[in-house]
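Protein chains in written order, with the working numbering: chain A, 1 to 343; chain B, 1001 to 1327.
None of these hints come from the bench; they were simulated from the model.
Just to be clear, a hint being listed does not mean it is correct.
Stated by the list, open to error - Straight-line distance between alpha carbons at most 30 Å, and here's what the computed DSSO-like set of lysine-lysine pairs gives:
#1 B:1111 with A:234
#2 A:123 with A:166
#3 A:234 with B:1076
#4 A:126 with A:166
#5 A:137 with A:126
#6 A:166 with A:234
#7 A:139 with A:126
#8 A:166 with A:144
#9 A:166 with A:5
#10 A:244 with A:234
#11 A:234 with B:1117
#12 A:166 with A:139
#13 A:123 with B:1076
#14 B:1117 with B:1076
#15 B:1076 with A:244
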Amino acid sequence: MELLKELSEAFGPSGHEKEVRQVLRRALEGYADRVWVDALGNLHALREGTGPNRLRILLAAHMDEIGLMVVGHDESGGLRVRAIGGIDDRVLPGAQVWVGSDRIPGVIGLKPVHLLEQGEDEKVVKIDQLLVDIGAKGKEEAQKWAPLGTPMVFATRFEEVGALVKGKSFDDRAGCAVLAELVRGDRLPHDLYAVFTVQEEVGLRGARVAAYANRPDCAFALEGTIADDLPKKKDVSPTSELGKGPAITVMDRSFIAHRGLLRLLVETAEALGIPYQFKQPGIGGTDSGAIHLAREGIPCGTVAVPCRYIHSPVSLLSPTDLESTVRLMRESLARLTPDVLQM
Amino acid sequence: MDELIRQLTETYGPSGFEETIRSVLRDLVAPLADEVRVTPLGSLVAVRRGTGNGRRIMLAAHMDEIGVMVTYVDEKGFLRFTPIGGVSPLTSLGARVRFENGVLGVIGSEKREDPNKVPTFEQLYIDVGATGRDDCPVRVGDAAVFERPFAAQGRRWIAKAMDDRIGCAVLVETLRRLERTPHEVHFVFSVQEETTLSGARTAAYGIEPDMAIAVDVTGTGDTPESRPMAVELGKGPAIKVQDAGMIAHPTVREWLVRAAEAAGVPYQMEVLERGTTDAAAMQLVRAGVPSGCLSIPCRYIHTPSEMVDGEDVEGAVRVLLQALQMV
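Based on the provided sequences and hints, a complete structural model is requested.
Right, here's the structure in full:
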């Protein structure tokens, strides 16, 4: 959990992943046989296998998180912002942010309840109506502290909550933690190309070039995915649930899982009694959407740690789910043979 | 060709679940090709080597079809589902679906406030006759296709999955009748066209063709109060000018026009405002591939009863055979 804490608190909106990369570099030291960073900023770590017929397996988890970016300065010193990645405007007012990697504290301003006009409380305040307040005295000071283009993330500390943990950006720092554990564990039969990707939240950009460069035989995206456990009037199809084990993707909006890899995951989980669930088919998208299209096509699967309230200032996950995800991946990779990939 | 089309359209094969249709096609093309292989994502490639001095030409027809996937099994054994590819709730209501393991399901609807309004997918469910989760013969992630037998009526052929098994049939028939060609021809039966065009795109990367042609269905404007479109059933195969995803390369387009004229096959020019084909993905591979599309006019696309004209299909085969003789 120490690594997850460090990853969760790291500053790393899409395109500004340096701090996350540094955390991971340190975490992998002594475990990876080779570490390199590519032109887009993806961190690659090779963990060589021990088997006689080694496959090249790409494992991808994205380092970037959603955030905001300064696009203007008001006379008052407030910062105008726009979203980096998919942010729901409803979660913004009142949230606290870290502005820039120096973490200047900021607050997303909100009109007090006393001043609301009739019906105003029923409307969502759009992002272009909001200001981020960093206590600047005026436009000039705001420009000095947070120039145009300064990125920001939600200011959320990692904490334990009952049997769960909470923090920001479990999408996809949870996947990064799973992947780091896989690299740090005992060697597997195959060569693992662990890639911590950039810019997933804005278009799966890092994964695309990483898949091209590493020429893998197959790949898995490791994710923190949607768990919607809120009470509902009617739920005809739950997404995934906390505490029920890793969520395996069959099909989402970006790709269809390779059937051989899907079977491998399910059979491994059932043989070893590892809990698992299927993520609700047809929703979301992950790095697999870009990876499977590389070169002549790459068989892909996606496995995720269920996380509540993703793409908001704070998400919750169950450490047990995270451990089960590491175990499911490790055992599945150990059982992976070339015939699994045969179509 | 009736029997070939019956066999191909009645076979199960939604996007991502193409094993069965691939093995049917493999058995058909293996004796006719110099080489047969399957790409990492599952597209089937049958190669016919040319006599020399020709180009490397990729012909692609997709073998996947639209369908539905189970997202949830409730305590009474009813299934909730999501579409695979462009499925409409309108044509789903009352339809039958067939799973890979043979299980048949009926699509039903919850009580709706306004029965005149088209239901949403959230209001629909599949009933496989189960009484609970324990005796439900399918699970989350299983996929089904619409169930409808092939019918031939005069010149018209009606079936589910005409999109794009009719293209597959055209490719198989072309391969059967093709004697000599200067070109190295790659007949590709692609996967996952209906979802992401993944199969043709990745196959094209491996093949590195000089030219690529998708053989797929296109809409028509000849039915009552239809969206205006200058393509009609029975007026010959259509040579695509452009659709929502690509503009046909002029050289490829003119090559098909010259072939149709040399073969004496009536043809139509096609501009499709909605939808696209594998050609949209193939043209963007590597440094770019001059691409075009030979289309089979088809009514009621993405419903369980897609209708084509036998003469258009025969015409498409003859255009391709002629084109493959030309340098």
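Verification of the hints:
1. B:1111 with A:234: holds (14 Å)
2. A:123 with A:166: holds (28 Å)
3. A:234 with B:1076: Status holds; Cα separation ~15 Å.
4. A:126 with A:166: With Cα atoms ~27 Å apart, residue 126 (chain A) and residue 166 (chain A) stay inside 30 Å; holds.
5. A:137 with A:126: Status holds; Cα separation ~25 Å.
6. A:166 with A:234: holds (27 Å)
7. A:139 with A:126: holds (22 Å)
8. A:166 with A:144: Violated, at roughly 33 Å.
9. A:166 with A:5: Holds, at about 9 Å.
10. A:244 with A:234: Holds. Residue 244 (chain A) to residue 234 (chain A) sits at ~20 Å (cutoff 30 Å).
11. A:234 with B:1117: holds (20 Å)
12. A:166 with A:139: violated (35 Å)
13. A:123 with B:1076: violated (39 Å)
14. B:1117 with B:1076: holds (27 Å)
15. B:1076 with A:244: At roughly 21 Å apart (the allowed maximum being 30 Å), residue 244 (chain A) and residue 1076 (chain B) satisfy the hint.
Hints 8, 12, 13 from the list above are not met by this structure, while the remaining hints are.
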